[in-house]
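Engineer: Assemble the complex: chain A is given as a structure, and chain B must be docked to it using the hints.
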Amino acid sequence: MTCFSLLLALAAGIGADAPLHCAASGDASGARAQIKFATLAPEGTNAMKTMQSIDAEVKKQTSGRLGFKFYAGGRQGDEKDMVRKIRAGQLHSGGFTGVGLGEIAPEVRILDAPWLFKDAKEVDHVYGALAQDFERAFAANGYVLLGWTEVGFAHVFSNAPVRSPQDMKTLKIWVWEGDPIAEAAFKAIGVHPIPLSITDVNTSLQTGLINAVYSSPLYAMALQWHEKTKYIHSVPLANASGAVLVSKKLFDTLPPQDQQILLKVCREKLKTLNELTRQENEKALSTLKAQGMKMTDASPDAVKAYEEAGRSARRSLVGRLYPQTTLDRVERTLAEYRAKKTKKK
Amino acid sequence: MRAHAIVLLALMTAGCSLKSVALRTTGSLLRTGSAAYHTEADPALAKDAMPGQLKLLESLLQSSPDDPRLLSALAEGYVGYSFLFLEDEAPERAKGLYRRAADYGMRLLGRKKRFRGLDRMRPEELDTALKGAGRGDVPALYWTAYALAGWANLDMNDPEALAALPRAARMMGRVLELDPGFQFGGPDIFFGVYYGVRPRIAGGDPEKSKAHFDAALSRGGGRYLTAGLLCAKYYAATVLDEALFRNLLKSVLEAPADALPEARLANEVAKLKAKKLLEKTDDLF
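Chains A and B supply the protein sequences, listed in that same order. 42 is the number of the first residue of the first sequence in the working numbering; add one for each residue after it. 18 is the number of the first residue of the second sequence in the working numbering; add one for each residue after it.
For the record, the hints were derived by calculation from the structure and aren't laboratory data. The structure presented is a predicted model; accordingly, all values stated were derived computationally and were not measured. Each statement offered as a hint is correct.
Derived PhoX-like pairs (lysine-lysine); straight-line CA-CA distance at most 20 Å: (1) 271/A to 210/A; (2) 297/B to 90/A; (3) 335/A to 213/A; (4) 288/B to 64/B; (5) 297/B to 100/A; (6) 297/B to 110/A; (7) 90/A to 101/A; (8) 293/B to 110/A.
Bound conformation, chain A alone (with noise of 0.2 Å):
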């Protein structure tokens, strides 16, 4: 390494808070650049061994140009503050969920809308097919997308059996504070919910505040809800997604070829990392029912009236997160998916 390179990269780690020059200048000097990136999940968990993992590889195929730091575990606070962080410069990147990715660009949102999809494969079709207009939505807002990282289709946990949309009014059932996704939901079905912040939610269900909440399997674990509730709801309320996005400002100072080896690796191992999400949202429902959980059905008329209750939420969500035009598009690529599994059999 020169004298100058040397400087450079001083100035690039002492720039710790500073402008975003400072942290990313991969030019042909090369210096390095360094992507600050921010989640919620922890250490050891697998979303931050795959960011670890990319890191490895980008900077090994950047011969070290680019590469990585991480705060994991929400050290640098909550996806709203990610996103002001990222905003003001002092991060570059985030892993986020829904609540992070409607704070960037709510359109986006339409992913989580209430009994949209019935399994993965819909899902991945309809992701497939709209796959750029969710990448325009990003750019518009100021971020690149690296990759897809859903949380997983979300399942009512709770103290007393749901077989219905009927069943659920019966409960005191949480809905995140500032959710419009959740709150639109149950307002389609009549149910008056209880609005507390995430953080009060394992005392609630304690003192009986609540005894209802949703989740996906996995992170109903990860927030030790399942050790105070009894049964899960077969019927997923809606398939939660996630997204790694990094500033548009620090990717456009990276060289194209920096880009394309960035853009490469993330959408590879972020796409595995999303299948295996899926994997143990699975093995946690099984560890969940082996754990004396029960699981309870919807009968065929209560399933009509969940897919009822989903086109009345998801057009009360019309103006508020997304157009028309791009709910419509939305179940129109569904429609068709649908009829074309439905002839193939």
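Structural biologist: Relative to the frame of chain A, chain B by itself:
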């Protein structure tokens, strides 16, 4: 050689089987042997010697699968080996060996009826079982809880590990009530890590983490260096307090290694880890 043969013969005619002699000798060896590890000043020597010792214990366990001294030494030994020498460099192996330690710990606890099937109990059943625990159960509960949490922290996506973690916390909570000074304040160190490592939404709580680390640090007068090391790693780094991070690690590095002879090995290893962690400061802040 001949003398040995004579002794052996005498023992056999006295109705002792070779196995039980071996075991009886092992019993006292386990006590002095474990002390020999704790006071070891050369971590490299301990690192090389421990696996052989653990395998020896496992072979003895085969002929005496219910022996509490063996089960206890194995649970503690595999936790110690995983924490001291594997966790940072070979997390995949550490995961497996923490799990093995937890299995031995469960077997040890399972010798008492109230703890049987501990890994399938609902939270309220576990609380009831733990209420009946006494001071004599502390080592078994401590090493089992430590092993379960060690495994879970390295594999936060494994549903089984996730299910084991709240159980570990309940067990350690009971140890904290029964004997907070066990293993130089180990229960407080456990909760310092437990509340420090996870985000708030998943029950993490930096204030609680700090309170537990403070309790552990003041308990040993700072002589048990693992407390300072883990406080830097799991509290100071979590709240992005770089000055505290550096100070804690500096005091670990500057402390005399022989300040606590009965924890010499742990302290020597804490110094090595502190040095490595300090070198990683720029990656963390």
